[in-house]
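Novice: Here is how the chains run, residue by residue.
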Amino acid sequence: MRSFHLEIRISPRPGLLNPEGNAVQHALESLGYDSVKDVRVGKTFYVQLSAADEDAARTLAEDMSRRLLANPVTEDFRIEVSELAEVPA
Amino acid sequence: MRVAVVTFPGSNCDHDGYHAFKLVGADTRFLWHRETDLSDTDAVLLPGGFSYGDYLRSGAIARFSPVMEAVVAFARAGGPVLGICNGFQILCEAGLLPGTLLRNESRRFRAHDVWIRVERSDTPFTLAYEAGRVLRVPIAHADGNYFADSDTLARIEDRGQVVFRYTDPDGNPDPAYNPNGAQNRIAGIVSEQGNVLGMMPHPERAVESVHSSTDGLGVFQSLVTSLQPVP
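Protein sequences, first through last, are from chains G and F.
Residues in the first sequence are numbered from 1 upward in steps of one, following this note's numbering.
Residues in the second sequence are numbered from 1 upward in steps of one, following this note's numbering.
Read the hints as simulated data drawn from the structure, not as lab findings.
Don't be surprised by glycine CBs; every beta carbon is placed ideally from N, CA and C.
Be a bit skeptical, because a hint or two may be false.
On the chain G side, residues computed to face chain F include the following (Cβ under 10 Å) [said to hold, decoys possible]:
id : residue
1  : 2
2  : 14
3  : 16
4  : 17
5  : 19
6  : 36
7  : 40
8  : 44
9  : 49
10 : 71
11 : 72
12 : 74
13 : 76
Under the rule of at most 25 Å between Cα atoms (straight-line distance), these lysine to any residue pairs were calculated in the SDA-like manner [unchecked claim]:
id : chain 1 : residue 1 : chain 2 : residue 2
14 : F       : 22        : F       : 229
15 : G       : 37        : F       : 181
16 : G       : 43        : F       : 181
17 : G       : 43        : F       : 109
So here's chain G without its partners, still in its complex pose (with noise of 0.2 Å):
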């Protein structure tokens, strides 16, 4: 088995309401910065996990997004796989 990184973006999809945006972008606003236009607050999973391959690493990490990780209603999810080098014993 080889070892994986994942990173999991589970993003509030557009146009829904997202209050912890608008108050983040309402403490931009009164900071001066006028030009801002939406904000969205999402959040990310940063995973290890054992698998064969990369694609079995993904297909895990989507099925987890799936029934967990993310809220079909409302939530995006995005992954990223990388490997972790193998630690020398």
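The hints should help you fit chain F onto chain G, whose structure is shown.
Specialist: Frame of chain G, contents of chain F only:
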């Protein structure tokens, strides 16, 4: 009637719910979230609180508790399941109810009385009320802003799944009395089969004279009545 009140780590309205069911004479017990036996159960309450610290999303982790597999099977078999506040969030996460509860539009945790209109009195949870009756009940939540995509929302409305709506004290629609920005002022919905109810307000906190109202008692009375064997 035998009621199981589920306690998740972080539940904090389980005792209030237990007390409300006791008041209406139900044989009530607590069910720890690791238990899975619902064989001696006529109705299930998923209480309010902050299961698993609301980590990830409200209700997202509780939904994978061992007990929830049994609750889903119980609901699919037609058993009545009442989810209040965090319980409503868990029912949505578990796919027993459509939609989800977003952060309140105000971004504030809201804890105060609201008024909700009973839209349907033909559910096991509302038959003690007349349709159109306005109830005064408290809310206490940060994530109570009901949201479903437009197709789902239209289907919910077409099928009459909205059981409670936020109104003014006279039962009129008024955005000023929508405490969280919920679509169509939705405070509570039932499943298509009608045996699963999720609601954000806390009827169990409006059952005795020490409370600001006793309007919530009817929810518990309704369940007891609906489960009484027909003579």
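Novice: Are the hints correct? Go through all of them and say.
Specialist: Going down the list of hints, with the structure as the test:
Interface restraint check: residue 2 of chain G against chain F, minimum CB-CB distance 27 Å, threshold 10 Å, status violated. Given hint, residue 14 of chain G at the interface with chain F, is violated; its Cβ is 13 Å from that chain's nearest Cβ, farther than 10 Å. Of the supplied interface hints, the one on residue 16 of chain G holds, with its beta-carbon coming within about 7 Å of a beta-carbon of chain F, less than 10 Å. At about 6 Å, the closest approach between the beta carbon of residue 17 of chain G and any beta carbon in chain F falls short of 10 Å, and the interface hint on this residue holds.
The interface hint given for residue 19 of chain G is met, as the beta carbon of that residue sits about 4 Å from the closest beta carbon of chain F, less than 10 Å. For residue 36 of chain G, the interface hint is violated, the least distance from its beta-carbon to any beta-carbon of chain F being 18 Å, above 10 Å. With its C-beta approaching chain F no nearer than about 12 Å, residue 40 of chain G sits outside the 10 Å limit, and its interface hint is violated. Proximity of residue 44 of chain G to chain F is violated relative to the hint, the smallest CB-CB distance being about 13 Å (cut-off 10 Å).
At its closest, the beta carbon of residue 49 of chain G sits 18 Å from a beta carbon of chain F; the interface hint therefore is violated under the 10 Å criterion. Given the 10 Å rule on beta carbons, the hint for residue 71 of chain G holds: about 6 Å separates it from the nearest Cβ of chain F. Hint on residue 72 of chain G holds. Least Cβ distance to chain F is approximately 9 Å, under the 10 Å limit. The closest approach between the C-beta of residue 74 of chain G and any C-beta of chain F is roughly 6 Å, which is under the 10 Å cut-off, so the hint is satisfied.
Because the beta carbon of residue 76 of chain G sits about 13 Å from the nearest beta carbon in chain F, more than 10 Å, this interface hint is broken. Restraint check: the Cα-Cα separation between residue 22 of chain F and residue 229 of chain F comes to about 19 Å, which is no more than 25 Å; the hinted pair holds. Between the alpha carbons of residue 37 of chain G and residue 181 of chain F the distance comes to roughly 22 Å, so the proposed pair stays at or under 25 Å and holds. Between the alpha carbons of residue 43 of chain G and residue 181 of chain F the distance comes to roughly 23 Å, so the proposed pair stays at or under 25 Å and holds.
A distance of roughly 21 Å separates the Cα atoms of residue 43 of chain G and residue 109 of chain F; the hinted pair therefore holds under the 25 Å criterion.
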